[in-house]
Amino acid sequence: MKFKFSEIPKYLINLFLIFWIGFSLFMFFWLILSSFKTTREIYMGVWTMPSNISLDNYIRVLTDFGLLRFMVNSLFVVTISTVLVLVLSAPIAYVLSRLKFFGSSFISLGFIIGIGIPIQTIFIPLYLMMSGMSLTDSYLGLIWLYTVTSLPFTIYLLMGFFKTIPSTLEDAARIDGATATQSFLKIMLPMARSGLISAGIFVFVMLWKEFLLALVFISTENYKTISLGLYSLITKLTYTGDWGGLFAGVVLVILPSIIFYSILARKFIAGLTVGIGKG
Amino acid sequence: MASVTFENVTKKFGDVVAAKDQDLEIKDKEFLVLVGPSGCGKSTDLRMIAGLEEITEGKIKIGDRVVNDVPPKDRDIAMVFQNYALYPHMNVYDNMAFGLKLRKFPKEDIDRRVNDAAEILSIEPLLDRKPKQLSGGQRQRVALGRAIVREPKVFLMDEPLSNLDAKLRVQMRTELSKLHDRLKTTVIYVTHDQTEAMTMGDRIVVLKDGFIQQVDSPLELYNKPNNMFVAGFIGSPAMNFLDATIHKDGNEYFAEGAGAFNIKIPDMFKEKVKEYDNKKVVFGIRPEDLTDARISHDLDITKENSFEAEVEVVEPMGSEIYLYLSVDEHSMIARVDAESDAKVGDKIKLGVYTQKMHIFDNETEEAIF
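Read top to bottom, the protein sequences are chains D and X. No gaps in the numbering here: position 132 of the first sequence is 132 in this note's numbering, and each next residue is one more. No gaps in the numbering here: position 42 of the second sequence is 321 in this note's numbering, and each next residue is one more.
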């Protein structure tokens, strides 16, 4: 194979990607390995193997430090929020991608702008509004916040999806006798399944690791989510020097995202690449 | 079964006119083909009949009922789309049964109709498959099946064969014609392929820029085109056009054009060109109505029915030869007998079957004869 100078950038990018994959895999492997070690074994060296595979670290953080409670909280809040986001964003995205009505472009633009607004900049008005509705420090409040903050991106993603579905399918459904709702539920929604799965995975993973909103709006220990729990864990465990427990906690936080993503990875990528090439 | 009537139908998309003041009567059980180049408004006409586009002005009737405000599902029509529009997540059976299920037909009735349609179209073994597991031809049949099960009054077909390869297209053309004979339903068929139009239609509507140019049987369209557009659109290779001037010599009229082109107008057309004496016209002749004078068996070649042209390209087709010619700077095509030994660069004499010639008004482009 002949070397071409024009391909140097490609080689550099590949080199960087290989390095990055190697680094990430190393960190991940190190994290998993360390989560089974005692603190003493962690200090003995990066590559030392744990003397015996024990789940002590995991059991300790789940029970003694209450991580199980935080995980259940997160699972509850994030699952409901993800379902709500999908249920709301699918029809909105469908209507905005298909129908042209007065203000439709403005609404679409509004959602796109929504993606670009850093959440930190609206904390104060958001807090005032939420406390006005007595929704601070509650599951309902967090579900509400998670749902509305996830809507813009999900709508944007699904709009791209619906745009790729040929309009003749709706025409065919209309002639077959379907109403607009039937056409959406029986034809468009099943066809947008991989888009919905992509959006669902994305929203779930984003909300699972969400920290700022939970930190600002949740103060009661019982309502804390996994990311807040991990934060408390870090504070507690750094002082006790229980690094094994800390690593086990981190693994528990990232594990659901990894499992979720691994199972549905193919659909996720298919969903994100929609609109890039021919449908 | 029903007739379809257009009464002064106009359709505008903003400032763009897709259909202008169209009047059309499509008879019950007729196979009517709408043909024209891209953007002529043929698909818009079909979509207006289907109810997928609103009508700006005028009336459309299916049978005796004005359907302007009737939703597509209540028009008793079925449509076959260019890209088939099969529901990809449903199998063939469900695709065909979808419309019937929505209309709450009893299950036994749905089964019977789907199986009957599958039998007619020879797709029984495919009923459990998803559309992506089917070939183009099979998808086409399923799309037809979905239309047939509804037993509609009118079938609308929007370029249904254009995604198939050439061989399959010819095969499906015949099958569609047979299907029409069997179902005896009104079919309105849109195509840009004039061969499809000529071979399938009882009548053809030629459209251009939203205007109906001519409605006639295939042969009438071919032999008696109303204007230069129809003359040029119907027939392959297309009709040759040559600028000419009518002049009178004694009792005879001639069409005189570039070079030594001077063709006598047959007596049967004399009356029609009288008022065009010394006026510019367009002379039209189909490629098969020209002959290589050296091998002409049935035409007495004279100065008044022949002209000289230079051969630029020779395309042997086996049973005949296409000669691409130039007459001064005008290009022409002649479809001559395979016996012709014309070669590139030859100056040959071409005989004209004058009774088949056409003369068009230079300004209006309307046929004089």
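Please keep in mind that the hints were generated in silico from the structure rather than gathered at the bench. Predicted model, so just to flag it, every value in this text is computed and none were measured. Backbone N, C-alpha and C define an ideal beta-carbon position, used for all residues, glycine too. Hints may be right or wrong, so weigh each one.
Below, computed lysine-lysine pairings styled on DSSO-like, alpha-carbon distance capped at 27 Å [stated by the list, open to error]:
hint, chain 1, residue 1, chain 2, residue 2
1, X, Lys352, D, Lys186
2, X, Lys543, X, Lys553
3, D, Lys186, X, Lys380
4, X, Lys411, D, Lys186
5, D, Lys100, X, Lys543
Negatives, chain X to chain D, calculated, CB over 10 Å [claimed, not checked]:
hint, residue
6, Arg326
7, His368
8, Arg382
9, Ser414
10, Arg425
11, Ala445
12, Met477
13, Ile580
Numbers of unmet hints, in rising order:
Checked against the structure, the hints that fail are numbers 5, 6, 7, 8 and 10, while the rest are satisfied.
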